[in-house]
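Chemist: Below, each chain spelled out in residue letters.
2 protein chains.
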Amino acid sequence: MSAAKDGSWFTEISSLWPGTGLALKVDEVLFKGRSDFQDVAVVKTQAFGTVLILDGAIQCTDRDEFSYQEMIAHLPACALPAPPKKALVVGGGDGGVLRELSRHASLEEIHIAEIDGMVIDVSKKHFPQMAAGYTDPRVKVLVHVCDGIKFVQDAAEGTYDLIVVDSSDPVGPAEVLFQKPFFDAMHRALKPGGIVCTQAESLWYHLEIIKSLAAMCAEVFQGGAVQYAFTTIPTYPSGQIGFMICTKAGGSAPLDAREPRQPLPVTPEGRDYPPLRYYNHDVHRAAFVLPTFAKEALGPSLTY
Amino acid sequence: MSAAKDGSWFTEISSLWPGTGLALKVDEVLFKGRSDFQDVAVVKTQAFGTVLILDGAIQCTDRDEFSYQEMIAHLPACALPAPPKKALVVGGGDGGVLRELSRHASLEEIHIAEIDGMVIDVSKKHFPQMAAGYTDPRVKVLVHVCDGIKFVQDAAEGTYDLIVVDSSDPVGPAEVLFQKPFFDAMHRALKPGGIVCTQAESLWYHLEIIKSLAAMCAEVFQGGAVQYAFTTIPTYPSGQIGFMICTKAGGSAPLDAREPRQPLPVTPEGRDYPPLRYYNHDVHRAAFVLPTFAKEALGPSLTY
Numbered sequence: 001m002s003a004a005k006d007g008s009w010f011t012e013i014s015s016l017w018p019g020t021g022l023a024l025k026v027d028e029v030l031f032k033g034r035s036d037f038q039d040v041a042v043v044k045t046q047a048f049g050t051v052l053i054l055d056g057a058i059q060c061t062d063r064d065e066f067s068y069q070e071m072i073a074h075l076p077a078c079a080l081p082a083p084p085k086k087a088l089v090v091g092g093g094d095g096g097v098l099r100e101l102s103r104h105a106s107l108e109e110i111h112i113a114e115i116d117g118m119v120i121d122v123s124k125k126h127f128p129q130m131a132a133g134y135t136d137p138r139v140k141v142l143v144h145v146c147d148g149i150k151f152v153q154d155a156a157e158g159t160y161d162l163i164v165v166d167s168s169d170p171v172g173p174a175e176v177l178f179q180k181p182f183f184d185a186m187h188r189a190l191k192p193g194g195i196v197c198t199q200a201e202s203l204w205y206h207l208e209i210i211k212s213l214a215a216m217c218a219e220v221f222q223g224g225a226v227q228y229a230f231t232t233i234p235t236y237p238s239g240q241i242g243f244m245i246c247t248k249a250g251g252s253a254p255l256d257a258r259e260p261r262q263p264l265p266v267t268p269e270g271r272d273y274p275p276l277r278y279y280n281h282d283v284h285r286a287a288f289v290l291p292t293f294a295k296e297a298l299g300p301s302l303t304y
Numbered sequence: 001m002s003a004a005k006d007g008s009w010f011t012e013i014s015s016l017w018p019g020t021g022l023a024l025k026v027d028e029v030l031f032k033g034r035s036d037f038q039d040v041a042v043v044k045t046q047a048f049g050t051v052l053i054l055d056g057a058i059q060c061t062d063r064d065e066f067s068y069q070e071m072i073a074h075l076p077a078c079a080l081p082a083p084p085k086k087a088l089v090v091g092g093g094d095g096g097v098l099r100e101l102s103r104h105a106s107l108e109e110i111h112i113a114e115i116d117g118m119v120i121d122v123s124k125k126h127f128p129q130m131a132a133g134y135t136d137p138r139v140k141v142l143v144h145v146c147d148g149i150k151f152v153q154d155a156a157e158g159t160y161d162l163i164v165v166d167s168s169d170p171v172g173p174a175e176v177l178f179q180k181p182f183f184d185a186m187h188r189a190l191k192p193g194g195i196v197c198t199q200a201e202s203l204w205y206h207l208e209i210i211k212s213l214a215a216m217c218a219e220v221f222q223g224g225a226v227q228y229a230f231t232t233i234p235t236y237p238s239g240q241i242g243f244m245i246c247t248k249a250g251g252s253a254p255l256d257a258r259e260p261r262q263p264l265p266v267t268p269e270g271r272d273y274p275p276l277r278y279y280n281h282d283v284h285r286a287a288f289v290l291p292t293f294a295k296e297a298l299g300p301s302l303t304y
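Residue numbers (full-length UniProt numbering), protein chains in the order written: chain A, 1 to 304; chain B, 1 to 304.
None of these hints come from the bench; they were simulated from the model.
Be aware that one or more of the hints could be misleading.
Unchecked claim - List time: in silico BS3-like cross-link candidates among lysine-lysine, alpha-carbon distance up to 27 Å:
id, chain 1, residue 1, chain 2, residue 2
1, A, Lys5, B, Lys140
2, B, Lys44, A, Lys25
3, B, Lys5, A, Lys25
4, B, Lys5, A, Lys5
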């Protein structure tokens, strides 16, 4: 159960970032529960507004969620040579990735496979700016409260142009989302030339995890491309989070996702969305530029 | 006095980032003192090795200092059209910026004006990898334990190709280093076409401070250029820190510091320096790319 209490400081402690943790002053605990999969807490903080905490780890906050949601959605969507028509979100129960994907006018269907219905429920109640993504009347949003890996394995081969994996860390329910069977299934479910973008931890704290992930992706996406990008976000460990972006073979050459090929995403008419606040085409290109220590570590597995 | 104790958690609390703070597990307190200017503490941490704390704010750590030191030194030095010959560091008592500047073979003199001798002393004892910058036999390092603002005001007009201001936050002894009289003095002390790079806080936490700073710089560096860049670093608030980079008028057009014009810095022969771990020319260009919310806020004061 989350240690957060009204008027106290909550510190995010985890074996994934030993000896360090972000501390947030909690004004009020809005929700505490235990789902079939994890501890779920929603707290009001002085610095970041409302915060969603799963198994003691900060998932998103009112103040900085836009950086993560915009980047994990628009980096892959804008890199595609043709406007995507069919997308899948695995995880992402808060709705933020749905909101960002729905800014892509070409999308005809967006499916979401979130394992934990409680995450969807608390988001609809406490994070209206993210849960807004569930209510887009233009795109067909199919919500599946189910195991993401099973959903992807059951999908017909070549179904999706785009898969976004908005998962928590590789401990607990999301562990399988960092393993080869899931990536094999995603590769199969993608159309030729399709792209996948997965939450892929911090270069500063998890370089060894990311190295293994990149090597596994290079095996799965043979003939395609494997790339890594990151965004800054104060409430994730180390203040940044990265994305593994893999493209299935399909065109004449592996897709280089560093180059944006689609126009800036726009808010669909009549939607009460915040404007784009992080993503732009220059940010897209810059997100793939790695500091020397990371470039040296990941380079051997990356396509570009 | 710093609250850090052996075996306890230290949380970095400040009015500059209310309601949030990085927590570090402290294995051992190595030094605690009060200088004429501030509280000085050195602690051994589980996650980041040895950490320097001034007035309760983390200044640098063994594990991630290279990101800050490399970027604050090489962004301005590599942007210059001609190799710099004479540089000044204001603050930077730990020696890390000296270490990085000494990788520029063209430099004939590097001056440093650090107000607090205790910072220099504890660095020489507890941070040998940074304090190594004090012992370069090839460049003439003049160490002045003195008030940086007075030192710059007393310098002859047109003395420096490059000034790096490695200051703490704009509360306490470093407050004057964010104000116009200091920037006027730096402008005067620079050669025509010379460049200054100052520690300029976090886009996520201090956008209003940075906006005011940029507007003031645009006033001081008329005919020259004002630009903003940032680097990622886990132990600074929000996980990043930025730099205000200003160029004095001198050439035919204001210098665009986004473009690196000098070769990659190299370690001088015989020096026991760590290799470059963050900076490369692609990172240089990418560091100036701002997320949309920051671009919109700072754009009116920036030259490019």
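Chemist: Please go over all the hints and tell whether each is borne out by the structure.
Modeler: Each hint tested on the structure:
For the given pair, Lys5 (chain A) sits about 56 Å from Lys140 (chain B) by alpha-carbon distance, which is inconsistent with the 27 Å threshold. A distance of roughly 26 Å separates the Cα atoms of Lys44 (chain B) and Lys25 (chain A); the hinted pair therefore holds under the 27 Å criterion. A C-alpha spacing of about 22 Å is found between Lys5 (chain B) and Lys25 (chain A), which places the hinted pair at or below 27 Å, so the restraint holds. Annotation: proposed proximity of Lys5 (chain B) to Lys5 (chain A) holds, straight-line Cα distance about 25 Å (limit 27 Å).
Of the hints listed earlier, the one the structure fails to meet is number 1.
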